[in-house]
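A.B. asks: Given next are the chains, with one letter for each unit.
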Amino acid sequence: MSMPATELAAYNFAYLDEQTKRMIRRAILKAIAIPGYQVPFASREMPMPYGWGTGGVQVTAAILGPQDVLKVIDQGADDTTNAVSIRAFFQKVANVAVTTHTGEATVIQTRHRIPEDTLREGQVLVYQVPIPEPLRFLEPRETETRKMHALEEYGLMHVKLYEDIARHGRIATTYAYPVKVAGRYVMDPSPTPKFDNPKMHRSEALQLFGAGREKRIYAVPPFTDVVSLDFEDHPFEVQSFDKPCALCGARHVYLDEVVLDDRGGRMFVCSDTDYCETRRADGHVGEMLGQSQEAAE
Amino acid sequence: MDNRNEGFTGGFPDAVYNSQTVFRTLMDCMARPGSLGLVTPELMPPAPLGVAAGALMLTLCDHDTPVWLSPKIAQSNVPGWLAFHCGAPLTREKSEARFAFLEAGAHLPAIAHFALGAQDYPDRSTTLVIEIEALDGGRPLNLTGPGIRDVTHLAPRGLPAELLAQWTDNRALFPRGLDVVLTAGRQMIGLPRTCKITALEV
Numbered sequence: 053m054s055m056p057a058t059e060l061a062a063y064n065f066a067y068l069d070e071q072t073k074r075m076i077r078r079a080i081l082k083a084i085a086i087p088g089y090q091v092p093f094a095s096r097e098m099p100m101p102y103g104w105g106t107g108g109v110q111v112t113a114a115i116l117g118p119q120d121v122l123k124v125i126d127q128g129a130d131d132t133t134n135a136v137s138i139r140a141f142f143q144k145v146a147n148v149a150v151t152t153h154t155g156e157a158t159v160i161q162t163r164h165r166i167p168e169d170t171l172r173e174g175q176v177l178v179y180q181v182p183i184p185e186p187l188r189f190l191e192p193r194e195t196e197t198r199k200m201h202a203l204e205e206y207g208l209m210h211v212k213l214y215e216d217i218a219r220h221g222r223i224a225t226t227y228a229y230p231v232k233v234a235g236r237y238v239m240d241p242s243p244t245p246k247f248d249n250p251k252m253h254r255s256e257a258l259q260l261f262g263a264g265r266e267k268r269i270y271a272v273p274p275f276t277d278v279v280s281l282d283f284e285d286h287p288f289e290v291q292s293f294d295k296p297c298a299l300c301g302a303r304h305v306y307l308d309e310v311v312l313d314d315r316g317g318r319m320f321v322c323s324d325t326d327y328c329e330t331r332r333a334d335g336h337v338g339e340m341l342g343q344s345q346e347a348a349e
Numbered sequence: 165m166d167n168r169n170e171g172f173t174g175g176f177p178d179a180v181y182n183s184q185t186v187f188r189t190l191m192d193c194m195a196r197p198g199s200l201g202l203v204t205p206e207l208m209p210p211a212p213l214g215v216a217a218g219a220l221m222l223t224l225c226d227h228d229t230p231v232w233l234s235p236k237i238a239q240s241n242v243p244g245w246l247a248f249h250c251g252a253p254l255t256r257e258k259s260e261a262r263f264a265f266l267e268a269g270a271h272l273p274a275i276a277h278f279a280l281g282a283q284d285y286p287d288r289s290t291t292l293v294i295e296i297e298a299l300d301g302g303r304p305l306n307l308t309g310p311g312i313r314d315v316t317h318l319a320p321r322g323l324p325a326e327l328l329a330q331w332t333d334n335r336a337l338f339p340r341g342l343d344v345v346l347t348a349g350r351q352m353i354g355l356p357r358t359c360k361i362t363a364l365e366v
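Which chain is which? The protein sequence lines are Y and E, in order. All residue numbers for the first sequence refer to this note's numbering, where the first residue is 53 and numbers rise by one. All residue numbers for the second sequence refer to this note's numbering, where the first residue is 165 and numbers rise by one.
It should be emphasised that the hints constitute simulated quantities derived from the structure, not laboratory data. For glycine and all other residues, C-beta sits at the position ideal for the given N, C-alpha and C. Check the hints yourself; a few may be wrong.
[Stated by the list, open to error] Cβ-Cβ distance ranges computed for the label pairs, FRET-style:
#	chain 1	residue 1	chain 2	residue 2	range
1	Y	E156	E	R313	17 to 25 Å
2	Y	V310	E	P304	29 to 37 Å
3	E	R321	Y	E215	37 to 45 Å
4	E	Y285	Y	G103	24 to 32 Å
5	Y	F283	E	V315	27 to 35 Å
6	Y	P99	E	R288	26 to 34 Å
7	Y	A140	E	P235	49 to 57 Å
8	Y	Q291	E	D300	26 to 34 Å
9	E	G269	Y	R265	43 to 51 Å
10	Y	R254	E	F338	15 to 23 Å
11	Y	P92	E	G269	30 to 38 Å
[Claimed, not checked] Far from chain Y by the CB rule (all over 12 Å, computed), these chain E residues:
#	residue
12	M208
13	A211
14	G311
This is chain Y alone, in the form it adopts within the complex (with noise of 0.2 Å):
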């Protein structure tokens, strides 16, 4: 056998083996058919460790071909550690095209943040899930939280949004906004802020989510109703921000705190980085934008 050296670790394209993307595929169908049900499947190990994104990698490898253009991001990112490393393993294991950019994208991994520009038909979200119960923390026994989803018993979620009102005098989850999906599976939209959560509703783009270390899949098809859980007197409400993005001026986008010093000092930038040097690149100057390239001159 003459094999070049460099191909001695060849992998399958997009490192799984088929035999395990045609159990993945199965499992991703019948997401689809049953909107927010998580659907049990033989989750492998990855090249990464669990709580890295071992469900989001599995989906996308299963269902990335080679005329896919990928973006990566984490918390809205696609310059950190996790979306950088995800991004660089699928070029190195499909040849895959990858952007920054959330229009040019097909599929989009993403690690707790949808992106603020609205995703279109064609284009796939697939989801890092950590936990995909809603119902985990309030009942640990998977039985019974299967049996809830069975019999459609979510009273228990409503009683831990109500306890919040009771304690705080609002619903005070911020991240991981329990949803309805198509009227009948309460599902977790995996940590997003529930700023996120209004985009996911009758959304254009197929939204598939992955869980590794739980084994799970499921799905929210497009055009789906994804109501997020909330009462007729403490309707539900998103985060809003006093001032815009530092940066580029963005309102109505969510904003990551940064700080600049140990004197208190701070700014809010967008977290979606590909909308917020878009906007730059437009002429949008926000407040402290100036401020940075005058210290630097």
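Here the structure of chain Y is known, so what remains is to put chain E in place on it, guided by the hints.
C.D. replies: This is chain E only, laid out in the frame that chain Y set:
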């Protein structure tokens, strides 16, 4: 072609990439019920299996998925082809089947005989692949439900009459229920259990 070889030839020319393409087409069809999917890879499944139905078989079936074949398909070269390319076990019990394949014009058995999943595991249900005459030119139907913006129109020709009659029962079982893929030659349409079908009067 030599009939004896039919069970071995006619698979995907490039299994890895072809099955990915076919899966993505099917995934889009299931996510957007009523939208037309086209199978592009060159394959030649044995008659009476259509190209799209054969492609789905190669893409989804393996040793983990018991397959039920309609009597006519079961008597053709398909069982050998399925065994050779997928290694999938055949079952005569519809309730054990993960996938079931019917040729055009085949009698559709009662939906309740297939695996419908359990209330706590509704994913353990049969996916039915039904070949029909054509995906257009038939009786107009309206589709609504998840994956559809407002309403989608569909006019499949040669749809088994039993399917429409039983579809309401299938929907009433939700979250249990069958998922159906209609195929005609190279084309396919997905009908997940969430899909509401209304027949239009003509």
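A.B. asks: Against each hint, give a clear statement of whether it holds in the structure.
C.D. replies: Taking the hints in turn, this is what the structure says about them:
1. Y:E156 with E:R313: 17 to 25 Å: Taking Cβ atoms as reference, E156 (chain Y) and R313 (chain E) lie about 23 Å apart, which means the hint holds.
2. Y:V310 with E:P304: 29 to 37 Å: About 57 Å separates the Cβ atoms of V310 (chain Y) and P304 (chain E), which means 29 to 37 Å is violated.
3. E:R321 with Y:E215: 37 to 45 Å: violated (57 Å)
4. E:Y285 with Y:G103: 24 to 32 Å: holds (27 Å)
5. Y:F283 with E:V315: 27 to 35 Å: Hint holds: Cβ distance 32 Å, inside 27 to 35 Å.
6. Y:P99 with E:R288: 26 to 34 Å: holds (31 Å)
7. Y:A140 with E:P235: 49 to 57 Å: Given a distance of about 52 Å, which is inside 49 to 57 Å, the answer is holds.
8. Y:Q291 with E:D300: 26 to 34 Å: At roughly 48 Å between Cβ atoms, D300 (chain E) and Q291 (chain Y) fall outside 26 to 34 Å, so the hint is violated.
9. E:G269 with Y:R265: 43 to 51 Å: Hint holds: Cβ distance 48 Å, inside 43 to 51 Å.
10. Y:R254 with E:F338: 15 to 23 Å: For R254 (chain Y) and F338 (chain E) the Cβ distance comes to about 20 Å; the hint holds.
11. Y:P92 with E:G269: 30 to 38 Å: With a Cβ separation near 37 Å, P92 (chain Y) and G269 (chain E) satisfy 30 to 38 Å, so the hint holds.
12. M208: holds (21 Å)
13. A211: Holds: least Cβ distance 25 Å, greater than 12 Å.
14. G311: violated (4 Å)
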